[in-house]
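K.L.:
First to last, the protein sequences are chains A and B.
Take 2 as the starting number for the first sequence in the working numbering and just add one per residue.
Take 6 as the starting number for the second sequence in the working numbering and just add one per residue.
Do not take every clue at face value.
To be verified - In silico DSS-like pairs for lysine-lysine, Cα to Cα no more than 30 Å straight-line:
id, chain 1, residue 1, chain 2, residue 2
1, A, Lys145, B, Lys331
2, A, Lys227, A, Lys241
3, B, Lys233, A, Lys241
4, A, Lys58, B, Lys21
5, A, Lys194, B, Lys331
6, A, Lys58, B, Lys331
No lab work stands behind these hints, which were simulated from the structure alone.
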Amino acid sequence: MNGEVILRVRGVRKSFGGVHAISDMSLDLAGGEILGVIGPNGSGKTTLVNIITGFVKPDSGEVFFRDKRITGLQAHQIADLGVTRTFQIMRPYHSLSAFKNLIVPLNSPRVRRTRGGRLGDRDAVAIDILEEIGFERDAYVPYKTASSLPLGYLKRLELARCIALRPEIIICDEIFSGLSMAEIVTMVPLMEKLQIEGITIMMIEHRLRELFRLANRAIVMNFGEKLAEGTPEEVMGNDKVREAYLGTEAA
Amino acid sequence: MVAGERRRERLDRGLKVRTESLYALSSWREMAYLLTPRLLLIVGLLMLPLVLSMYWQRVLCSAGIYALLALGFDFLAQYVGLVCLGGAFFIGAGGYISGALNAYLGWPPALTIPIATVAGALISTLVLLPCLRLRGIYFAIVSFMFPLLAVFIIVALNVFRGTEGISALDTFPNIWVEQYLILGVVVFSLFAMRRLVNEDIGLIMRGIRDNDQAVRASGINITTYKTKAVFIASLMGCFGGAYLSHLYGWLGISLFAMDFSILPIAATVLGGMGTLVGPVLGAFILTPMSEALRGFGQLRVVLYCLILIGFIVYKPEGLMNYLQRKYHQFEHWEEV
Numbered sequence: 002m003n004g005e006v007i008l009r010v011r012g013v014r015k016s017f018g019g020v021h022a023i024s025d026m027s028l029d030l031a032g033g034e035i036l037g038v039i040g041p042n043g044s045g046k047t048t049l050v051n052i053i054t055g056f057v058k059p060d061s062g063e064v065f066f067r068d069k070r071i072t073g074l075q076a077h078q079i080a081d082l083g084v085t086r087t088f089q090i091m092r093p094y095h096s097l098s099a100f101k102n103l104i105v106p107l108n109s110p111r112v113r114r115t116r117g118g119r120l121g122d123r124d125a126v127a128i129d130i131l132e133e134i135g136f137e138r139d140a141y142v143p144y145k146t147a148s149s150l151p152l153g154y155l156k157r158l159e160l161a162r163c164i165a166l167r168p169e170i171i172i173c174d175e176i177f178s179g180l181s182m183a184e185i186v187t188m189v190p191l192m193e194k195l196q197i198e199g200i201t202i203m204m205i206e207h208r209l210r211e212l213f214r215l216a217n218r219a220i221v222m223n224f225g226e227k228l229a230e231g232t233p234e235e236v237m238g239n240d241k242v243r244e245a246y247l248g249t250e251a252a
Numbered sequence: 006m007v008a009g010e011r012r013r014e015r016l017d018r019g020l021k022v023r024t025e026s027l028y029a030l031s032s033w034r035e036m037a038y039l040l041t042p043r044l045l046l047i048v049g050l051l052m053l054p055l056v057l058s059m060y061w062q063r064v065l066c067s068a069g070i071y072a073l074l075a076l077g078f079d080f081l082a083q084y085v086g087l088v089c090l091g092g093a094f095f096i097g098a099g100g101y102i103s104g105a106l107n108a109y110l111g112w113p114p115a116l117t118i119p120i121a122t123v124a125g126a127l128i129s130t131l132v133l134l135p136c137l138r139l140r141g142i143y144f145a146i147v148s149f150m151f152p153l154l155a156v157f158i159i160v161a162l163n164v165f166r167g168t169e170g171i172s173a174l175d176t177f178p179n180i181w182v183e184q185y186l187i188l189g190v191v192v193f194s195l196f197a198m199r200r201l202v203n204e205d206i207g208l209i210m211r212g213i214r215d216n217d218q219a220v221r222a223s224g225i226n227i228t229t230y231k232t233k234a235v236f237i238a239s240l241m242g243c244f245g246g247a248y249l250s251h252l253y254g255w256l257g258i259s260l261f262a263m264d265f266s267i268l269p270i271a272a273t274v275l276g277g278m279g280t281l282v283g284p285v286l287g288a289f290i291l292t293p294m295s296e297a298l299r300g301f302g303q304l305r306v307v308l309y310c311l312i313l314i315g316f317i318v319y320k321p322e323g324l325m326n327y328l329q330r331k332y333h334q335f336e337h338w339e340e341v
């Protein structure tokens, strides 16, 4: 972890017709860390992801990536800079096979640039990435159409699409949700590996136990605002957090 | 349990599995499996002019134009996710450009057709460019409007001799050139498109069809690729238009006729959506059929509709999906 702040969110607000999805949100993301963002349903976590990655324009406030203002840029331009995301509701290319799903990001301008012009054997690169994230090689799985893959593989495919871009930041929107314990157990080392490779990760998550195994730092959101920030222990010790997030019984 | 409750079980033929990889080259059997349907189509199409009478040869030419439009429609709808009902605009743009170049500047068809193909496609793409952000039905409605708009402009401004049109354009030297030009272009376009959709650019377009947000999240500008796709589809349509104006030696507002937008869709439904070859076959079936039914007068449209409804209700997958399944898979009934 190098500690240098690479993503800054400043005073972001967003409301959808009278509902304040995010009323005032600021955060810093340091290079190399894993930041967990938690909060009850409807606290504005996914909207925050959408704003950072350019899928939704904020009403006010700004997002900076490496001192470059990225609010107002198109989603594909932000992804091109290296800020990628997974979707909470998986968005695979249903009609394409799993490894062909990766041919799409492998043809992006960013990959062409970083890999230097023409890719070699793209199919092999795609299969390698799939193996890296836990698709069995030669087990027909990479050749199955995405529409026939089970949920666990689709979640991995979401992540693979980000990895294929060789990003600087991956924002995972509830990548553990809906997975069995056994599947999560295999995903955790994968996230650790990405961190070691120098990728900064921001995880929106409901599965706190698994998240806190990974996260260096956590932010709690409630009603579109930051409720608390700190190490996982600090955050969970915070009375306001226990009340808002876990409910009063847990206190 | 009710007697006779069965389900159909389908299994890929071993031959199909083998021919999907390099094993396709391992023996004549595999090669023949792959080549037969393709050769059947190419040879079949190229033989048609030799067996048809003069009248039906003409019908074949216009069927070729519809085939190009249907191919473009299928490509845009099933591989890019743009349902484009503006086929008539492609025909009109191509037809008016080549016709005008021929009538006003006296350039020969050998020159005007290629120019009109490219220029018409450029214009069509520019016109559709602002609507590319729209999806699904919204794009369909807006694209449907453009041919109508073009007609109103031509009539209102009385350009290109307004409603009368321009006649006595140069035509092709003989019926053989007419037929083999369009058939050649149809066959070439068909195989080019089949190739394209499996290349990287085609995969990105199919990605846009399946999930445009995910493509954006991969750092790819989807508008660029949609623009390219529309340009490719309108190339085919504009060629058809340019060819049409020289086929009849005439240009007029009926080049923007609704038929050019609607019949390709019917051909696609009949032939099988998403197969590319299906819509081409569909056009070669529907166009002669609509000619043959001409004898029924007004009833023609009713019969025509009945056939279409029949297909939509009883074989919604279309002809080609059905044939491909029969060719590639064993089927047998199994007691449940």
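K.L.:
Each hint should be assessed against the structure and marked as holding or not.
P.N.:
Here is what the structure says about each hint:
1. Lys145(A) / Lys331(B): holds, 22 Å
2. Lys227(A) / Lys241(A): Answer holds: Lys227(A) to Lys241(A) is near 11 Å, not above 30 Å.
3. Lys233(B) / Lys241(A): violated, 54 Å
4. Lys58(A) / Lys21(B): violated, 49 Å
5. Lys194(A) / Lys331(B): violated, 48 Å
6. Lys58(A) / Lys331(B): violated, 50 Å
Going through the hint list in order, the structure does not satisfy hints 3, 4, 5 and 6.
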